[in-house]
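Asker: These are the residues of each chain, in order.
2 protein chains.
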Amino acid sequence: MKIAFVIYDGVTALDFIGVYDSLSRVKSMSFDKDLFIDICGLEHTIKDSTGKIAFNIEKVGYSLKNYDMVIIPGGLGIRRLMNDEHFISYIKTVNPEAQLVSVCSGSLLLGVAGFLKNKKVAANKKIFSCMTDYGCEVVDKRVMVDGNVITAEGVTAGIDLGLFLCGILYNKDIMYKIATQMEYQLPENFESELF
Amino acid sequence: MKIAFVIYDGVTALDFIGVYDSLSRVKSMSFDKDLFIDICGLEHTIKDSTGKIAFNIEKVGYSLKNYDMVIIPGGLGIRRLMNDEHFISYIKTVNPEAQLVSVCSGSLLLGVAGFLKNKKVAANKKIFSCMTDYGCEVVDKRVMVDGNVITAEGVTAGIDLGLFLCGILYNKDIMYKIATQMEYQLPENFESELF
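Chains A and B, in that order, are what the protein sequence lines are.
Going letter by letter, the first sequence gives residues 209 to 403 in the working numbering.
Going letter by letter, the second sequence gives residues 209 to 403 in the working numbering.
Since the hints were derived computationally from the structure, they do not count as laboratory data.
Predicted model, so just to flag it, every value in this text is computed and none were measured.
Each residue gets a CB set at the ideal place from its N, CA and C atoms; glycine is no exception.
Hints are supplied without guarantee of correctness; some may be wrong.
Okay, derived cross-link-like pairs now, SDA-like style, lysine to any residue, Cα gap no bigger than 20 angstroms in a straight line [unchecked claim]:
{"#": "1", "chain 1": "A", "residue 1": "267", "chain 2": "B", "residue 2": "258"}
{"#": "2", "chain 1": "A", "residue 1": "349", "chain 2": "A", "residue 2": "396"}
{"#": "3", "chain 1": "B", "residue 1": "267", "chain 2": "A", "residue 2": "262"}
{"#": "4", "chain 1": "B", "residue 1": "255", "chain 2": "A", "residue 2": "236"}
{"#": "5", "chain 1": "A", "residue 1": "333", "chain 2": "B", "residue 2": "291"}
Stretch-level coverage of chain A by chain B, calculated; a stretch enters the list once three of its residues show a Cβ under 8 angstroms from a Cβ in chain B [what the hints assert, rightly or not]:
{"#": "6", "region": "224 to 233"}
{"#": "7", "region": "380 to 391"}
Required output: the full structure, derived from the provided sequences and hints.
Answerer: Here's what the structure looks like:
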């Protein structure tokens, strides 16, 4: 399993780290030492939306085609990237059969790249109206799965999303053990809605 | 109001970013454009506990005495720092009357530096037994306030803590507006227990 996080100038750090934390615990808690995670983008260093947090990119400008899962966090930088042909071409290098995952406004990039046609998606509530431009139906859910497209609503929903990914990549037992280590209480309807 | 985050090699990124996100929204949502936040430490760049996330430090090796609030996130790196006299001396530069804040195992550093005597503190459940060495009483709460010491339990409790800090530095209305933008549901008893 090869996972790529795609980050960019103006990403919301918590959108990224909220998903990253639980997936990285798959390794640190020894459930799967071989889980492969890359931090990808088009620049060597990017800054978050506040301009104070700098993240290094491990894989700069490589095609995303060999990843089984590509995760795009949201952030203020998305608005600029929606009109950035170079960045959209980069997103389009994903294998269309890979699991395409977004948090918050990250779904806008999946939409512009054409991956959301006829899909049901979750997104930050503030961008519901923009999302319909991409042929998708926006649903008011914390995490939404529609085929290979897995989307989460705003910011902290990335934590629920990361735990859900642990659940589907491994199993619910591992998901709950990781949630316990993170001292995170999943919503009551989490399991019944998503599994 | 001057806030310092103190981070170090082996910090848990989510411990840090979970608190940082809500406080940074005080500025981005224009509640207080002048809120002053520094990211502090003893090295120019540090890596998180997974070794994949690099954070730049803005204020390297400066005394912490002029900050009104000092926030220490937890992480695997804490165990090493507890025996690092240079780092403990650095923590001791805080103004003892400042608000001293920790997430998860960050409380161990406050303990070693001598700031937890006769205090009630919250901490990661796995370190409850170590905490008593520092003359404090560990309580099973998500966020605990005892005078100028404000502590949170593990990892995701940092999000609750960050929102609580917005509540006490500003007001509950601002706290709830920020929680809504983060799409975060505070625990039911949050307000009755903490305000």
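Asker: Hint by hint, note whether the structure agrees.
Answerer: A quick look at each hint next to the structure:
{"no.": "1", "hint": "A:267 to B:258", "in the structure": "holds, 17 angstroms"}
{"no.": "2", "hint": "A:349 to A:396", "in the structure": "holds, 13 angstroms"}
{"no.": "3", "hint": "B:267 to A:262", "in the structure": "holds, 14 angstroms"}
{"no.": "4", "hint": "B:255 to A:236", "in the structure": "holds, 15 angstroms"}
{"no.": "5", "hint": "A:333 to B:291", "in the structure": "violated, 47 angstroms"}
{"no.": "6", "hint": "224 to 233", "in the structure": "holds (count 5)"}
{"no.": "7", "hint": "380 to 391", "in the structure": "holds (count 3)"}
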